[in-house]
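Peer 1: Below, each chain spelled out in residue letters.
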Amino acid sequence: MSKLPLFEKNAYLSIVIKDNGLWSHLAYTDHNASREYILSDFTDLNPLRLRLDDEVFNLNFWFEYFNSLEKVFSWDIVQKDRTNIFTFKNFLKEGDGVSGVRIQIDDNQKFFSKIFDSIRSFSNDISLKVLDDQYMYSMLDGISEKLGYEDLLYIDMDIYDFTVYRVKKVFNQKEKSIKKEFTRSKINWSNEFSVIDSIQDSRFKAFLATDLSTSQLQNYWGNFILNKIFSSVDPNILDVLRAYSTIQNHSIFRDNKEKLANFGITGQQSAVIVSGYIPRILGKQKSLLSVIDGLELSGSFDCLWDLDLKLLSYGKTYANGVNSADIILTRKEVLSLVSKIIIPTISSSLNNKVVMSGYLESLDIQRTEFFTLAPQFSYILLPKHEHKTVIECNFKNGSYVLPNKEKYFSFVSVPDSNMYESILVDARPRPIIYGPDTYSNKLKLQAWINDNKA
Amino acid sequence: MIIKHKVLEKYNEYRFSIPYKLGDRVLVEPDGKIKSGTTLIECKSSNRKHSFFIPEQIACSLKEVSETLNCIDGEFVKKGETLAQKVTAGGLMVKKLVAPSAGIVDLTRIESGYIDLLGEESVSNIVSNFSGIVEGSSLIDGLMIRSSAVALDLVSLSDLFDIKENTREKKIVGEFVSLSEGKDLRLHSTEESYQDKIVFVGKYLHIDLLHDLFQKGASFVLTYSMNYEDFRRQGLPVGIVGGFGEIHSSSKLLSNISAMNGKLAVVDYSESQIFFVQDVLDNLKTNNIFLTNLNGSTVKSLLLSNYGMVGQIQSSDEEGYISVEWENGSSSMVDIGGVEFITF
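Protein chains in written order, with this note's numbering: chain F, 920 to 1373; chain W, 16 to 359.
For reference, chain W alone in the conformation it holds in the complex (with noise of 0.2 Å):
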């Protein structure tokens, strides 16, 4: 039998929450009930002035960061002081950071190589763009809320096993924000600041374009596919939706992704999945899990060949294999067993 992938799963009660500081103000009552449009935090946030990627800076390894510092986080610091040094060819050089305006130094971005100098105090508001329950509220646990969701599998996420055992159950919370369409191929992003955001770039990510959104701030990078040796060597928070390399990707899928900008994201560590909270729609009702008919299904392709592309079925025969209409407009015979069935 055959088990239908969910691209997009729904879930009905869905518990999440949003992390808050000291400072920041709740604007809703545990039990209360949240619309599209209320306003659920008030928080206090200073602008990042500056980031730095401290490898790239001083050319040392993201395991180094932490003793190249000079700083400390909350520190004020005036122009031209240093923030992180090292000392290289025994002791003759010295490759500095210096800061270029003064500012408050945040070490909070540390473990993904990135020191921020903050600028001045604003005030901003999270507002829902969904319907749910406030379970409660606390420094700690955050602002827990009942929704509904949609999950979207990831089929890998780069720091997943760098994290410590007892951080496994890490969730990165914000905005979902899509590059345009997520179609075409970018080196570099075109808003000033992705701060706190999680930024789906499309079919391929780049290393350049990763760099230059977590410069501005961007607390997760989601993409269709990226090259392995890239995923691996980066360090930074990213997930992959596709796989890796240059491969195909659905431009059905790249648009269904694309569509959740704006929505509250959570990426979830322990389940490798990231949920956009949502008011469940229609046409994600949930279908049988498994297939009952061949011919018309929805396959992706998991052959090297053309990994990655969607198609449907034609025929089939008994001997295992069916015939595919790819969505580029070809035509092929394959081993049933060499495509996943999916669903959007």
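Excised from the complex, chain F in its bound form (with noise of 0.2 Å):
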């Protein structure tokens, strides 16, 4: 693999293709000059998604979509001059080219190799690649080494396919030796009647808090898996699918038991990566109720997001860092920022009471206080700082951190590097207990996340 030197300007556009959208990230780096951004893009190909198969997704189509994208990033992309073969334009400066254009496209896709045809009858410059097991472990891997976690799981929540990779390191006794652990598990639903039908299986009902008739809640959720929408504040929908992602969730947990035991508490470095259209609708604090709850996790973690899949587009540049053979990027353009998640274990009698009373303080802040109440899912979000920020937290009233049974727990935020954004304080005690009717599941809601619209 040949080096990029590493304070040459440079522009790569990478593009990934999965769960029918197209996410496009422009990269442009001038390390001499402290000047790195990426520039992003994101269609959705479900007005197309009966016609990816035939000739509407044709040449035509990508003609078309590298020319708007030109108009989108204000990047001269196109080499214009050549009227009858496409070919991009060379990289000269920032605006101008780019040094190369990679296509990743996720082995779910459907219509896959029509599209994968598409592209490479389009151009021979584009590299094409896919998004499969091998390569989701060898960008965990390197990610994991990258930052330090010796545990890492990346958790993917699409309305048909929830996958839960996760790569640890574990101690051979045989040899003696440290080993990365690699694992997948996976759910899978094949059409979207199944889909739809499962909302009258007994156990999503022990999970669900709207109060909306059989009939009408399958029209609603038919019509959410069908048309798919980006943005939704309808208490039903947002309540239906966090039901959904919970026991998606909780599926994989039970039939991988072996695969996905005891993430968070056996005092390893772990954080989870959380990505996928369901955490795009759901936002991030019941993404987490969904996760947390689904895979049974508890003891204290990290949290990154994917939402945009720069992770997955530029993961194994970030990762290879200056020995990159596209483009050399840092932790703060690829990765977003983190939160911190603490599960500690609390008394059933607890209610009401302060668990844990934490501060955090900085050359730019001062020192500002935070407190749980049992049983809170309590979703903290720390001021803007520029600034290392320490935070502290102190568990009070018996309540404790696994694996040690911490009752004092403090991390630093170190903004361009390492820098938080929220904390979670998941102050229910276990085991966490639905139903056993959509009225109790409302209060309950209520009272874990202050969730009045459900």
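Think of the hints as simulated: they come from the structure by calculation, not from any bench.
Heads up, the beta-carbon is just placed ideally off N, CA and C, and yes, glycines get one too.
Be careful, since some hints might not be right.
Selected chain W positions facing chain F (in silico; Cβ < 7 Å) [stated by the list, open to error]:
#1 170
#2 221
#3 258
The list that follows gives simulated cross-link-like pairs (lysine to aspartate or glutamate, DMTMM-like), each with its CA atoms no further than 20 Å apart [what the hints assert, rightly or not]:
#4 F:1147 / W:168
#5 F:1307 / F:1283
#6 W:185 / F:1174
#7 F:1124 / W:350
#8 F:1203 / W:350
#9 F:1033 / W:283
#10 W:93 / W:135
#11 W:110 / W:79
#12 F:1105 / F:1174
#13 W:25 / W:333
Residues from chain F that keep clear of chain W, each with C-beta distances beyond 12 Å, as calculated [unchecked claim]:
#14 963
#15 983
#16 1011
#17 1035
#18 1139
#19 1185
#20 1221
#21 1303
#22 1324
#23 1326
Each of the two chains sits in its own frame; use the hints to bring them together as a complex.
Peer 2: Structure below.
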């Protein structure tokens, strides 16, 4: 692999096709001038979802796509003086040309081979890659090394596919050495009827807090599944989606207990990366509620978000660092801000009592205190900070954090490196019990996340 | 970037075939040109004297239908003979379907639960109302034609996943019939027969109308919306254009679909689309795939509060919100992620 000159200016276009979406990320770097950014665009392919395999989704589509992308990014990408052949403009300067174009297609993408063929016949200048398990393993391997995580989960939550990848350092007793273990746990729904009908399952109803009739619920859910939306404030849909993703995560956990056991409670540096369509709709707090309850997580770990698929796009590039062959990117452009997840062990008798009090302090922020009552699922947004910020949490009334029953917990947020944007303290006593009916769930969710809308 | 959903997509080189039976006469030659008015096939068919939906007649499920039959395809039965029967209550009760008159048993639609009694044979012609080229003909493949067509996406097909994998290529070909402008809610149809027709019922399909249409011989029913529970339970071939439940339906969209009345239509299960064979009209010329200007664009709401309603964007802001004037005269500010951009 050839190395890139570190300080030369560079621009690279990476596109991911996944779950009927096109994510484009144009990365520009000028490390000499400490200038680095990624321009991003998302194109929903759902309006063409039934036509991705026919003449509508052809060369003309890609011509139009790249021409339109130029306007969106205000960047000359296409060589326009060659009328007969489509070629990309070589990189000259900021806003003019790219040093390479890569398209990665998810192996679960519908009409995968048709899309692959249409790109291949469109241009040979595009580096075509497949997003498969092998890619995920090598990317997560690199990311975990780079970030120093010994146990890393990548949770991809789409409507039809739920996948949990795990890369974990384990001690091999025989060879007396530390090795990395990769696992994948997955649920895949074959068609939309299975997904829509799944809400009739009694287990699904156990997680539900919305009190619509079954008929109304099916119509709502059916319309949502068949016509994807990218934003919703409808409390009924958000609740059904939360219940749906919780039961999917829980089914994955139940079927793959050995693969997913002991995350966050072994004392290893642990993190979870959340991605997919569902978290984009649900928002961070409810997505975490679904993940924590579904996978029965406890202890403490970091949470990163890959909602715009930047990590999927440039994860390997970032992990390769200066050995990268496409572009050299740093953490702040590729990775999201971090949420610290703390799930203490709490006695069930501590209703409305303080189980955690903490503070944060830095050069630019005065000491600010915060606390969590049981049984809150408390998502605390940290103020924006430009200096290193120390965050300390003290656990009270007999509560503690596994594995060492710690009553004191602290970490440091470092801007431009490992910057935390929020803390989530799940102060609900275990086991988490949903049901027995939607009304009880409504009351519970109000107490946990102050979800009056549900 | 935003892709516009073309409600009616144009196809210049659409290939399809019209099935025909032994005894029918193909009146066009391979490579021959077809014009509007060309007679394509002379069909010999018997009229359906009676049609029975067996699950309704003897209270059995659709899966049990084949076990209840007492007759075979093509058999001549006399008045009073048993066509199907179901034994219940441990053999104490027998529910029977008897022939109300003599006729020939037709089990062509038995998978949909229907048994037909045929009467006299008559001759009818399939006449083209489009132009195209004949690519060939055979009893297996039917009369193969290349023509232009416009396609409408079906958000769902009721029996798509019930049919076997090797018949996923299933296509239903027939004359497209729209019940009036499709705006009224109907419980019964007006015509005496919809034999082998693809019927568009309009904004909402009631289960009574569905059974009425299949009773009268319809081969496929298209609707803008329907209750999901009915859709999944009924087991007949139904296509949905808009969505489930009693949702808004755009009058412009309904009249565009109704305007296809009388055209030859092909329901393509593998594509989940219905193709209307026609000479492509000027107003269906290809537009740009991507949206160039938000203001003035036509959108369809995907938000549950006014799902299916069509409107025009009045203004937009940088936060991703758009102000839309809906077709019912109301205006609202919505998130751009909650609408679909469409062109008719």
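Peer 1: Please go over all the hints and tell whether each is borne out by the structure.
Peer 2: Here's how the hints hold up against the structure:
1. 170: OK, holds: residue 170 of chain W within 7 Å of chain F, min 5 Å.
2. 221: 14 Å, violated
3. 258: 4 Å, holds
4. F:1147 / W:168: At roughly 15 Å apart (the allowed maximum being 20 Å), residue 168 of chain W and residue 1147 of chain F satisfy the hint.
5. F:1307 / F:1283: 9 Å, holds
6. W:185 / F:1174: 37 Å, violated
7. F:1124 / W:350: Status violated; Cα separation ~29 Å.
8. F:1203 / W:350: 18 Å, holds
9. F:1033 / W:283: 19 Å, holds
10. W:93 / W:135: Holds, at about 15 Å.
11. W:110 / W:79: 14 Å, holds
12. F:1105 / F:1174: Holds - the C-alpha atoms of residue 1174 of chain F and residue 1105 of chain F are around 9 Å apart, at most 20 Å.
13. W:25 / W:333: 34 Å, violated
14. 963: 7 Å, violated
15. 983: At roughly 5 Å from the nearest Cβ of chain W, residue 983 of chain F sits no farther out than 12 Å, so the non-interface label is violated.
16. 1011: 24 Å, holds
17. 1035: 19 Å, holds
18. 1139: 6 Å, violated
19. 1185: Holds: least Cβ distance 39 Å, greater than 12 Å.
20. 1221: The claim holds: residue 1221 of chain F sits with its nearest Cβ about 28 Å from chain W, beyond 12 Å.
21. 1303: With a cut-off of 12 Å, residue 1303 of chain F remains clear of chain W, as the shortest Cβ separation is near 19 Å.
22. 1324: Residue 1324 of chain F clear of chain W: closest Cβ-Cβ about 44 Å, beyond 12 Å.
23. 1326: 43 Å, holds
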